[in-house]
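So the protein sequences, as listed, match chains A and B.
Going by my numbering, the residue at position 47 of the first sequence is 47; the numbering climbs one at a time, nothing skipped.
Going from the second sequence to my numbering is simple: count from 1 and add 274.
Hint data in this document are derived by calculation from the structure and do not stem from the laboratory.
For glycine and all other residues, C-beta sits at the position ideal for the given N, C-alpha and C.
Don't take every hint at face value.
Unchecked claim - Among the chain B residues that face chain A by a calculated CB cut under 10 Å, a handful are:
(1) Gln316
(2) Thr319
(3) Thr542
(4) Thr561
(5) Thr655
(6) Ile659
(7) Phe672
(8) Phe674
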Amino acid sequence: MGALYALVASGLSLIQGLMNIINFCHGDLVTISMYTSFLLWSVFKMDPLLSIPVCIIVSTLVGIATHKLIISQVLRSPSSFGQMFSTYGLGILIASTLQFVFTPNYRSVLNPFVEGSISIGAINISKPLLFGAVGALLAYGLCYWFIRRTPEGQALQATEQDHGAAQMMGIDTEKMFLLGWTISGFCVGTAGALLTNFYYIHPYVGETFSNISFVVVTLGGYGSFEGSLIAGLIVGVVETLSGYVIGPQYKLIPVYLTYLIVLMFRPRGLMGRR
Amino acid sequence: MKKSFIPVILLAVILTSICFSSVSAADDTVKIGVVYPLSGNQALTGFEYRAGCELAEEIINNEHPEWAPLKFAETAGIPALDGKKIEIVYGDSQATPERGQNEAERLITQEGVVALIGAFNSSVSTTASQVAKRYGIPFICDSASSPTLTSRGFQYFFRVFGNDAIFVENLFTAMREEADKDTSREYKTVMVLNENSLWGSDVADIAKLVAPKYGFEVVDQISYPSTTTQVNSEVQRVVAKDPDILFQASYVADAMLFMRTFKEQKYTPKMYVYADGKPLNFSYRETLGPDGWWTVFRTVYTKKDAPFVNLITDDYFSEHYPDLKFNENQGSVITSVQVLVDAINRAGSTDPEKLREALTQTDIKGEEIILPFAGVQFDETGQNILARAIVVQAQEDFKFVNLWPAEMKNGDYVPYPAWDER
């Protein structure tokens with residue numbers, strides 16, 4: 001679960017670092033991706049794993065549309081409230097529309113390709129969760145490679161550090177923003193399809209992941225891609241372990257406690273820039 | 275230039291509000307407020323209640339002689355108020371107590387409702403009924419079953435539904451009877467698994483109190499937040515304790531998550547009991563399919579043997595709401611509306627005090643309602659003393675077999691099979 005948190009959060013972190021806006025509808029992009037996967041399954045009987053490319057395309061398109069229609073407009077607004085509430089409002093719009101179209105029924109994919117569990121001694125490891133973790137790490141690795149090792153990725157990093165300087169070096173920042181949304185769409189689309197394998201689908205399911213993502217991004221450090229991975233894994237492990245050790249009813253307390261303690265000693269997060 | 279707009283806008287706002295308020299003042303209906311989770315995580319339940327509200331309006335407002343002797347089916351509108359029709363006004367609690375409170379306030383002060391009905395979640399019912407109490411407006415609680423609701427001494431609070439103290443006792447009575455009959459295995463221990471809001475916590479407390487009375491030992495209790503994304507640690511603890519009976523109070527999303535995780539861990543208790551009617555839920559059946567069979571649960575709704583039941587649930591309801599299946603949620607809201615309209619009818623007025631007085635003297639017979647209760651009569655705490663639960667097992671293909679009470683029993687209990695025996 002930690003790897004999936006990390007994947008969802010790294011998309012959020014990227015947008016945050018790149019454009020300096022907080023994308024409140026990030027979780028709803030996960031929901032859209034899950035519904036896309038569900039729709040492909042129910043119409044064409046396509047397994048959620050096969051629908052990953054389509055989910056990526058859909059969530060990227062929605063992300064780019066969000067950028068073109070809303071974000072690029074509000075970026076010009078002097079008030080940060082405008083930026084915050086525009087994505088928040090969009091999130092409500094997305095969830096309500098999904099509720100209208102798909103009804104508030106809980107959906108899920110029956111008999112997916114990956115199902116059941118693997119037994120190692122007395123421990124049963126859930127196959128869909130294992131698959132989700134591996135898939136999420138692979139997707140994360142791909143993004144990481146792209147950002148750190150390709151010229152486009154380096155241009156993206158430059159834009160992230162300083163818009164003005166990047167522009168002077170001849171980087172088209174608008175193009176970079178779109179690239180950012182594409183990578184974010186890639187993360188969210190993959191995570192959504194992987195989640196569809198074992199999690200229920202509901203118009204408001206994204207909220208759950210949105211909240212955790214914010215914790216992960218802040219814990220990892222604003223705009224830090226590596227930080228998101230480490231923080232995502234920490235959150236996943238702390239949540240599960242404290243469920244065993246302290247008791248399931250308190251499992252979220254250590255997560256937020258870790259978060260607060262890290263912020264007390266490192267206000268910029270684990271790997272945040274100064 | 276810009277400044278000159280402000281008075282114009284103000285004028286427009288004032289004019290529209292005057293228009294709308296005059297419309298509502300001239301409205302010739304009795305407004306009834308309802309509070310349900312119409313959006314958010316529990317919107318599906320709200321959707322089911324909304325269907326029930328619409329059906330209740332149909333029953334009260336239009337003539338349906340074919341549905342007799344269902345109360346008010348044969349008449350149109352409220353007889354004592356010259357056939358005045360009812361209008362249900364919706365409030366969306368989003369399943370949170372604060373939202374529910376605000377919506378109750380809005381319904382009373384802005385919509386001018388004569389009474390409130392709601393609110394599914396026990397926690398929301400608590401706050402919404404506090405608002406009703408403050409304004410001296412009757413609150414009819416249709417399905418929230420937390421016992422604390424009727425122990426607050428509220429004069430304006432009436433619960434049509436049973437409460438969890440009644441329901442949990444009903445469940446344990448049935449569990450004991452079935453455990454004694456099933457000689458293939460031993461049933462000694464119970465583990466309580468509950469979501470940690472007011473409803474789940476109350477159910478867990480009662481279960482722990484009641485279990486020893488029926489000869490069961492409670493080995494452990496786990497309460498968990500219902501908005502959780504994974505239940506691995508909870509499930510591991512259940513597996514470690516390996517109880518004979520798992521007694522679970524969950525909302526539908528987490529109930530499904532648990533069942534899937536239990537299957538992944540290849541774990542089954544000897545008897546799987548839900549504190550409410552999970553297998554009646556459409557999503558639960560669609561999502562889990564055969565994995566949801568063989569569980570035991572309680573319901574307040576079973577198709578009873580009355581002439582109007584099939585006409586309403588199969589013919590009318592299935593035609594208008596093809597996505598839904600008639601269940602206790604519609605049953606409880608319809609009965610609540612009937613109880614309220616009956617009180618208005620006897621009081622001959624919508625005056626809150628007269629309405630309250632009439633509600634205390636409610637005496638509706640079992641055959642006049644769609645719920646399989648013995649009827650509706652309130653005690654001094656506002657609890658319907660004629661409410662009861664039916665204990666049911668979901669068998670193959672979600673065939674629901676009544677196990678308890680004896681007069682409704684229509685099949686035998688099947689011991690909960692292990693995953694590889696299915």
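Proposed interface contact between Phe674(B) and chain A, which counts if any beta carbon pair is under 10 Å: 20 Å, violated
Restraint outcome when Ile659(B) is required to lie within 10 Å of chain A by C-beta distance: 34 Å, violated
Interface hint for Thr561(B), Cβ within 10 Å of any Cβ on chain A: This hint holds: Thr561(B) lies near chain A, its Cβ roughly 4 Å from the closest one there, short of 10 Å.
Minimum beta-carbon distance criterion (10 Å), Thr655(B) to chain A: Violated. Min distance 30 Å.
Supplied contact hint for Thr542(B), tested at 10 Å Cβ to chain A: Violated: closest Cβ of chain A sits about 13 Å from Thr542(B), beyond 10 Å.
Interface hint status, Thr319(B) versus chain A (Cβ within 10 Å): Holds - the Cβ of Thr319(B) comes within 10 Å of chain A, reaching about 8 Å at its closest.
Chain A contact restraint for Gln316(B) - C-beta distance below 10 Å: 8 Å, holds
Restraint satisfaction for Phe672(B) [CB to CB of chain A, less than 10 Å]: 15 Å, violated
Hint violations for this structure: numbers 3, 5, 6, 7, 8, all remaining hints satisfied.
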